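Chain residues, written in single-letter form:
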Amino acid sequence: MAVDVLTPRARSRVDRLERIWAEPPGIVGWLTTVDHKRIALLYFFTTLAFFGAGGVEALLIRTQLAGPNGKTLSPETYNQVMTMHGVTMIFLFIIPMTIGAFGNYLVPLMIGARDMAFPRMNALSYWLFLASGLFIYVGLFIGQGPNAGWFDYVPLALKRYDPGMGIDFYALGLILNGLSSTAGATNFIATIFKGRAPGMSLNRMPLFCFAMLAVSFALIFALPALTIDCVFLELQRRVGFHFFDVAHGGDPILWQHLFWIFGHPEVYIIVLPAFGIATSIIPTFAKRKMVAFPLVALAELLVAFIGFGVWAHHMFATGLPTTTLIFFAAASMMVVIPSTIQVFAWTLTVIMGRAEFRAPLLFIGGFITFFVIGGLSGIMFAAIPFDQATTDTYFVVAHFHFIIFGAAVFPVLGGMYYWFPKVTGRLYHEGLAKASFWLTFLGTSLTFFPMHIVGLLGMTRRVYTYPSNLGWEAYNLSETVGAFILAAGLVLILVNLVHSRFRGPPAGPDPFYGGTLEWTTSSPPPEYNFPVIPTVTSAYPNWDREDREADRRRLDQGLLVLDRGHETPASTVRDGILDEILDMPSGSPWPIVLAVSVSLVFVMLLTTHYLLAAAFVGLTTVSLAAWHWQEPQER
Amino acid sequence: MVVRAGSLVRPARALLVALLAVGLAGCGNRQDVLRPASKQEHQISSLWWVMLAGAAIGFGVIAVLLFLGWWRRNRADLPGGGGEKAATALVIGLGIVVPVIVLSGFFVWADIFVLKRTDAPSPSKTAMTIQVIGHQWWWEVRYPGTKAVTANEIHIPVRTPVNLVVTTDDVIHSFWVPALNRKIDMIPGRRNTILLDASRVGRYRGQCAEFCGLQHAHMSMSVYADPPERFRSWLANMAAPAQRPGTALARQGTRAFQTLSCAGCHTIRGTAADGRVGPDLTHLQTRRTLAALTIPESKLGEWISDPQHAKPGNKMPGIGMSQADHQALLSYLESLK
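So the protein lines, in turn, are chains A and B. Under our numbering, think of the first position of the first sequence as 1, with each following residue one higher. Under our numbering, think of the first position of the second sequence as 1001, with each following residue one higher.
Calculated directly from the structure, the hints in this document are not laboratory data. Bear in mind the structure is a predicted one, so any value in this text is a computation, not a measurement. Every residue, glycine too, gets a C-beta built ideally from N, C-alpha and C. Certain hints may be false.
To be verified - Straight-line distance between alpha carbons at most 27 Å, and here's what the computed DSS-like set of lysine-lysine pairs gives:
1) A:Lys287 <-> B:Lys1085
2) B:Lys1085 <-> A:Lys289
3) B:Lys1147 <-> A:Lys71
4) B:Lys1039 <-> B:Lys1147
5) B:Lys1315 <-> B:Lys1147
6) A:Lys159 <-> A:Lys287
7) B:Lys1147 <-> B:Lys1337
8) A:Lys194 <-> A:Lys71
9) B:Lys1116 <-> B:Lys1147
10) A:Lys289 <-> A:Lys434
11) B:Lys1299 <-> B:Lys1315
12) B:Lys1039 <-> B:Lys1116
13) B:Lys1085 <-> B:Lys1116
14) B:Lys1299 <-> A:Lys71
15) A:Lys159 <-> B:Lys1315
What the hints assert, rightly or not - From the structure, some residues in chain A lie toward chain B, with a derived Cβ separation under 10 Å:
16) Asn147
17) Leu156
18) Ile189
19) Gly250
20) Met315
21) Ile326
22) Ile341
23) Val343
24) Ser377
25) Pro385
26) Asp387
27) Thr390
28) Phe395
29) Tyr464
What the hints assert, rightly or not - A short list of chain A residues far from chain B (calculated; beta carbon distances all over 12 Å):
30) Pro25
31) Phe44
32) Ala66
33) Ala148
34) Arg160
35) Thr318
36) Thr322
37) Leu457
38) Thr460
39) Leu470
40) Pro526
Whole structure, please, built from the sequences with the hints as guidance.
This is how it looks when you write it as structure tokens:
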């Protein structure tokens, strides 16, 4: 509930909460914060900066490929820019944006908690993420960026063929990045399982949280494969092991298996939060609950699970045995089903509701359109002979950009508009927002659709240039024009949001009449999120007016206000029955200290100062001890 | 409100335009998946056209549903008046039952039948075997059973099943000639095979499809499907050692080839030159291109004086040579027919 319409008694409780939860002002506050909303904002601005960098790289690529025999970039620069575009967009933008920024901000608010289950670990995962991003980008800025493509196949990535430091920046940077993601994922699972408001049984949990739960499990099981792969790679590059070396009994295919055991679940890790955003926006603007709610929840969990059984479809041209191919093709077709369930649930919800096509819903319309195109071309890759014909061509580039840009970034853009009033307390400009939708929609179509055709015409991916006589010019030019239109659309979104942040009219707690709990509190939410812990009786608790009135009465009576300290309720995993009251830590310097010392371990490994690396491992241990010196007390 | 009908029609129309464009763009093109010149590729391109039709229908269904969402934005029910239960039934029907049926049929057709027909052949069913070895960034081509070695331009007899054994000398490459068959990776420690069985005489362009480093973009090759007679005489010539140069200038070039250390990297059979780093030049003049199709053979003079210009980073160093040496070398290389 908004804190501006309170009785004096309630007012005094709220004031008390304000004092208890206040964080230090200024830069110190930001460096030591454990507030999930501030950490989410840190994630947001950081990933936005990386999005900008990845976008500039994309425009450089498109400028180089605008015409045949392009001369904008040298081959070496192109390869670094192309690799960094992929690494940035996947590891430094879309995953930390959806999980780190959106997930962090929204999950505790949606489940009626006051923070994540492990607030300091939350801060740690942000600082580690920032460090990993800076780490990888240092490589690019000193001209030693990774240059073997984002999936970094060996033997090309071995010292013999790639003697610079680019690959070491990549491998060590991704291990560091993986630490951050693992910490984050663990935190989400604990938060979602234990932190839900009283009454929020699993079947009443918002679909966004189901998506985040699925993603977190997927991350925890997928990341070790990538980490192990990078450890093997570094051991071979630095110490002389032979994991991938045929002459000594190793096998380069091992890299591919491990990479894709991570890499395909990764695709669902990228799109699932976007599905979660869609399932938040659609009910609000359709003004009704999701059609087939339990099926959609199940589909979100299923897609994360089946996603682990399809990795070899990235390797159909490597000469795997036919039986293996057929198994993975069948699994790749199975993974379609959870997606078709969701697509029909989304569209039927819009049909069944009185849909109001404001900007966020427009972006979801764009998302569904692009997801269906990308999904249909995705099914084609489950036809093994067609996959073997078109893999590693621009047809694949088209397919995964429809998924990653169309299906993952469009909901993020829609979500930026949708939750902007919640985060800033102000409304964005609707007309400009709609214009930005049409611009990005046009730009995306023009950029990525012709890639299908040019791929069928034989253009292979990752070429820094192409000859003029193969009929590829017009399509490439269209892609380049589209990319700049798309960039203009994105800039327009930024302009709208920045302008509205300062000049937008006040939004109030609930401008769109959303169904989930974040709309019950004021905009922006106070540090403690809710003056009284809400009690939940349905999946769309903000539409249950009587329950919200009951919250208001409880604030008056001092029930479930939890104003004796940094407190949040914990509930049972399945039924969401209030279990205990937890004391939460407040601001702490240890997450950032720990992140810095862990990062320094990696810097020392990179620069082969192994003794110093060991010293920083020592410092890490000391920081961990200091971190745990003072535990919050359980009650 | 603002979703205009156009927004939903546009992607459908784009799809149609694309379809036409793909059909038309084939004319005069040389690296096109959809201009099959073999039974195998014909299977694959048929697969594509059927899938495209299916995808268009699937997209059409969703486009209609999205359009209905906008068209009926003031009514809270399904067309025909169904409620919650009908909507859930539709999700189950359209989202589970229909895709399971369609995908099962599709799976059996594509991944059992078409796969079988495009699969690598058993050696007993092919008339000959050719070995292709990937290098950064060119293709070495050998004809086992003969002494013939060439590079980047593969000749095969037309209407003859040829077993291609592909391996690599360094990193992973991928052999792909779109008009003839699917692609196959060339992986250290593995011998992969693929069938080439061109049904028409012609020249088919191919390109390395797996990112292989700096000059991945300039690693192309041609497959020439020749009439059997022409192929046999080509192979006989290719297997023979180099002719002795006829002119004094060319003979001078033979010496320059040794002294300028070209011979350290290139083989010219029948001479002392036996390097294995770069392509075999014994019958260089039978090839129409240089540097894996980067430039036409007519630019040989420019290539040997500055090989780093057209294909920067390739393994052939620019050797400072006198004008006289350059002319002699060129004359010699032009005699290698």
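Status of each hint after checking the structure:
1. A:Lys287 <-> B:Lys1085: The hint holds at about 18 Å.
2. B:Lys1085 <-> A:Lys289: holds (13 Å)
3. B:Lys1147 <-> A:Lys71: violated (41 Å)
4. B:Lys1039 <-> B:Lys1147: Violated - the C-alpha atoms of Lys1147 of chain B and Lys1039 of chain B are around 30 Å apart, more than 27 Å.
5. B:Lys1315 <-> B:Lys1147: holds (25 Å)
6. A:Lys159 <-> A:Lys287: Outside the cut-off at roughly 58 Å; violated.
7. B:Lys1147 <-> B:Lys1337: holds (16 Å)
8. A:Lys194 <-> A:Lys71: Roughly 56 Å separates the two Cα atoms, so the pair is violated.
9. B:Lys1116 <-> B:Lys1147: violated (33 Å)
10. A:Lys289 <-> A:Lys434: Holds: Lys289 of chain A and Lys434 of chain A sit about 24 Å apart, inside 27 Å.
11. B:Lys1299 <-> B:Lys1315: Status holds; Cα separation ~18 Å.
12. B:Lys1039 <-> B:Lys1116: holds (12 Å)
13. B:Lys1085 <-> B:Lys1116: violated (44 Å)
14. B:Lys1299 <-> A:Lys71: Holds, at about 21 Å.
15. A:Lys159 <-> B:Lys1315: With Cα atoms ~17 Å apart, Lys159 of chain A and Lys1315 of chain B stay inside 27 Å; holds.
16. Asn147: With a minimum Cβ separation of about 8 Å from chain B (threshold 10 Å), the hint on Asn147 of chain A holds.
17. Leu156: holds (4 Å)
18. Ile189: violated (27 Å)
19. Gly250: holds (9 Å)
20. Met315: holds (8 Å)
21. Ile326: Holds, because the Cβ-Cβ distance from Ile326 of chain A to chain B comes to roughly 5 Å (cut-off 10 Å).
22. Ile341: Since the shortest Cβ distance to chain B is 4 Å, the answer is holds.
23. Val343: holds (6 Å)
24. Ser377: Ser377 of chain A check passes; min Cβ-Cβ to chain B is 7 Å, inside 10 Å.
25. Pro385: holds (5 Å)
26. Asp387: Because about 8 Å separates Asp387 of chain A from the closest Cβ in chain B, which is inside the 10 Å limit, the hint holds.
27. Thr390: Holds: closest Cβ of chain B sits about 7 Å from Thr390 of chain A, inside 10 Å.
28. Phe395: holds (8 Å)
29. Tyr464: holds (5 Å)
30. Pro25: Non-interface label on Pro25 of chain A holds, nearest chain B Cβ at 43 Å vs cutoff 12 Å.
31. Phe44: holds (27 Å)
32. Ala66: Nearest chain B Cβ is 15 Å from Ala66 of chain A, so the label holds.
33. Ala148: violated (7 Å)
34. Arg160: Violated, because the least Cβ-Cβ distance between Arg160 of chain A and chain B comes to about 8 Å, which does not exceed 12 Å.
35. Thr318: Not fine: 5 Å to the nearest Cβ puts Thr318 of chain A too close to chain B.
36. Thr322: Non-interface label fails for Thr322 of chain A: nearest chain B Cβ at 7 Å, not farther than 12 Å.
37. Leu457: violated (5 Å)
38. Thr460: About 5 Å separates Thr460 of chain A from the closest Cβ of chain B, which leaves it inside 12 Å; violated.
39. Leu470: Violated, because the least Cβ-Cβ distance between Leu470 of chain A and chain B comes to about 6 Å, which does not exceed 12 Å.
40. Pro526: holds (35 Å)
Violated hints, listed in ascending order, are 3, 4, 6, 8, 9, 13, 18, 33, 34, 35, 36, 37, 38 and 39; each of the other numbered hints is respected by the structure.
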